[in-house]
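K.L.:
Single-letter residue listing:
Protein chains: 2
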Amino acid sequence: MSENPLLRILHPRSIAVFGASEKITTMGTYQLINIFQGGFPGNVYPVHPKKDTVQGLKAYARAQDLPEAVDLALITVPTRAVPGVMRDLGERGIKRAIIISGGFKEINEDGRRLEMEVVEIARRFGIRFLGPNCIGVINPHLPLNTAMYHYFQRPGHMALASHSGTYVTQVLPYLQKRGMGYSRSISLGNEADIDVVTALDYLADDDDTRAIALYLEVIRRGSEFLRTARRVSRIKPIVALYVGGTEAGSRSAASHTGAMAGSDEIYNGVFAQTGILRAPDVQSLYNWAFCLSEQPGAPGPRMAIITHSGGPATSLADACNRHGLDVPEFSQDLQNRLKELVPATGSSRNPVDVTFGVNMKALFWDIPEAVLASGEVDGLILHGVGGEAYFRDMERVAKGKVHFPVDKMAQFMSHICKGLYQASQSARKPVVCSAFSDRTEDPVIAELQDLGIPCFDTPEQAVSAMAALRRPGRK
Amino acid sequence: MSENPLLRILHPRSIAVFGASEKITTMGTYQLINIFQGGFPGNVYPVHPKKDTVQGLKAYARAQDLPEAVDLALITVPTRAVPGVMRDLGERGIKRAIIISGGFKEINEDGRRLEMEVVEIARRFGIRFLGPNCIGVINPHLPLNTAMYHYFQRPGHMALASHSGTYVTQVLPYLQKRGMGYSRSISLGNEADIDVVTALDYLADDDDTRAIALYLEVIRRGSEFLRTARRVSRIKPIVALYVGGTEAGSRSAASHTGAMAGSDEIYNGVFAQTGILRAPDVQSLYNWAFCLSEQPGAPGPRMAIITHSGGPATSLADACNRHGLDVPEFSQDLQNRLKELVPATGSSRNPVDVTFGVNMKALFWDIPEAVLASGEVDGLILHGVGGEAYFRDMERVAKGKVHFPVDKMAQFMSHICKGLYQASQSARKPVVCSAFSDRTEDPVIAELQDLGIPCFDTPEQAVSAMAALRRPGRK
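Going down the list, the sequences are from chains X and H.
Be aware that the first sequence starts at 1049, since it is given in our numbering, and climbs by one per residue.
Be aware that the second sequence starts at 1049, since it is given in our numbering, and climbs by one per residue.
Next comes chain X alone, as it looks inside the complex (with noise of 0.2 Å):
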């Protein structure tokens, strides 16, 4: 079998970047700094008609001046010098381009005569390339980022093939802000060459992918897809946003890729025999894919319920009913064992309510603890994660006149988040968290989404993730 176009794409020892230059604000140059700043370990050649160096870089008027056949080329120019570059680059034996420039079959029907002849001209070089029409690909753990914003997080588990390329690369202040990091993320635009199939092929081998999201406006290879998800998502869990399925969704995609989108009922099939989860919106599509990424399958629908909040217990008791998991009464046994750690004004029949409090070590540890190794439930949703925020927010308040004790509350909140993390680990069960601080402000949202347990922004964005854990038949 040939080796997936998409490995040496994701993977190159070497870049030419087509189309950047002096001027800082044009797609083609944030690309080039993207790369070269971006800490990407290989040569990167800025191609230019008519300057010597680029960006500081020495660049080559053409692809047959480069110093080396490289293993990927960056095309961000005008749409009528597209098949000149793609010439030069087969004469010049280099196998694998990105087209970022648009205008082609989502244009109009000279678009797509022009795509046509990109497509021909490949297929004579041997050349396999992404889009025309997209963004390009980030992979945080080479590291390589040939899009437009810069890849701050951490890297990680969660891939993405994605028709938009904003859900690619103008999404990650969202995701930083989230803790989630991707293991890859391939932007394929017009799919004129690479498709989504060949990502799902790639991605089920790559070793750094642990779940899979798909942004879709079109499957274009019906037959291929179905036997290709349904192969993968056996390997890893696919999570799918499908935006085609309605009028003014459909009519968007085809202005956006060119695409011939479906109606829902076609694409609930496909999902349904292929294993995928269909998520209902961005949002969710991330969630998802981030919780599948870095948590064990919940074996039951037993859910453990922990917070210092009546309001967001009652708000996830009432969230896990709607999406099919229980919420068990703990056993007489367990309930007397939990009395001794929360209040009397709380309740720990499940949900554990300790109320307000300052004891964060039975809030985020022993009852988490004791609670998932009881093997009365088959996953944790706890509420209200953080502490020092709220520390720091009222010495704000006092100015001077009162002190809190900041910096002891974040020393104290990050050895017990390391408990709570342990004690997942050692139970083999799920954990998911929602607060309503993020990791900008407390630290111990951060330290916790880091260690893979997801911490999301209201209780029911918790319950939804939680939810697709616990699909059927996920290990």
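It is worth saying that the hints were derived from the structure and are not from the lab.
Hints are not guaranteed to be accurate.
A pair holds if it fits inside one copy or across any two, identical chains being indistinguishable in the list.
[Unchecked claim] Keeping only pairs whose Cα atoms sit at most 30 Å apart, straight-line, the calculated DSSO-like set for lysine-lysine is:
1. Lys1225 x Lys1447
2. Lys1466 x Lys1106
3. Lys1071 x Lys1143
4. Lys1456 x Lys1071
Please arrange chain H on chain X, whose structure you already have, making use of the hints.
P.N.:
Chain H in isolation, oriented as in the chain X frame:
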């Protein structure tokens, strides 16, 4: 008609705090600090059986010793001590109280009896009170915040009445990051005296409040609720999150506020009869109420979508149709006018996708203005607000080798966001935005939110909030 008891509770001229001490990590102390450091313009008196001063303020041993019959007493003492404090209030002629202390009917039969005793004392002395088992109130327009977390954000026009104190106070960091401010926030607790009906009645007449959010675990006075909610929802939109309709939700509510919750069917009927929008989760509750408090209603279902991102354009279009909103193709005339502002690789049909480019004025001002003035749409959804954060990130990546015009971008974005605001004001049509950056990263998002233009985390949240603005019968 007698004065609504919440009027003085939300607008007191003087407050006595029972339960604050020199110990800084107790609820009563947090609350005292929030009141007197938070800028409350009236007198604040700690009441403490043993101390002469508490947190730097002169303390009084009993209510009887207070120099004035304060407008409001805040009670955070051990459960068993509450009846005695209430008797003291009565003897001092104090008529309004908030009982923070828990341990009443939400716990057991003893607690229920104790709560009845408190109610009896209150009736005897004519005291009206919130709680017990609540967290207090916030009126940022005074300002007054008797709750646990500090209120840092601007005063807003969205009121909350809630059976959960968490959704009043612990949620503040969440709301702040999203530019959402309260007009009033009221923690109802066990509703032994003042309940959600009293709250609706008060909020209906409150001039700072333009929309009302309810977090409900139960409705205790069914027929009064029906009558009042029906009247109030004609004046101001009401959004409710009800979490008692499932087995687990109902059981959790009983432990939380001693509520006997009812089935979803009954509550759906109540909401339908009263014109209350039912929110599916906490995120929607705040999103919708915020939107309804700041934006005009959509007179029809026709939405314009404007963005520089094809993926979000399609997500938005798809979500619109799923929420009963249309995305009509613009007239040829309007398309022709837009074509001057949209590059050839983009689309001007609706969704308008200007694709990647630097013409921010076209994207955020000229196109919205033309579309809103066209008469062809009833509302506008715009994804991708921002720009400064991107340049700042790239500057960081470039490590001094390249300089991006961060300050120029900031000024420019601030300028055009005022243009977007003016366009929406002239057209009197709702505008809702989404972006993957937030106000902490991109000041233009803060500016828009502070001008009352919501900017949500994801495209689908913007559509869901816009759909709430489209509710039938809304002015």
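K.L.:
Tell me the numbers of any earlier hints that the structure contravenes, in ascending order.
P.N.:
Hint check: 2 fails alone, others pass.
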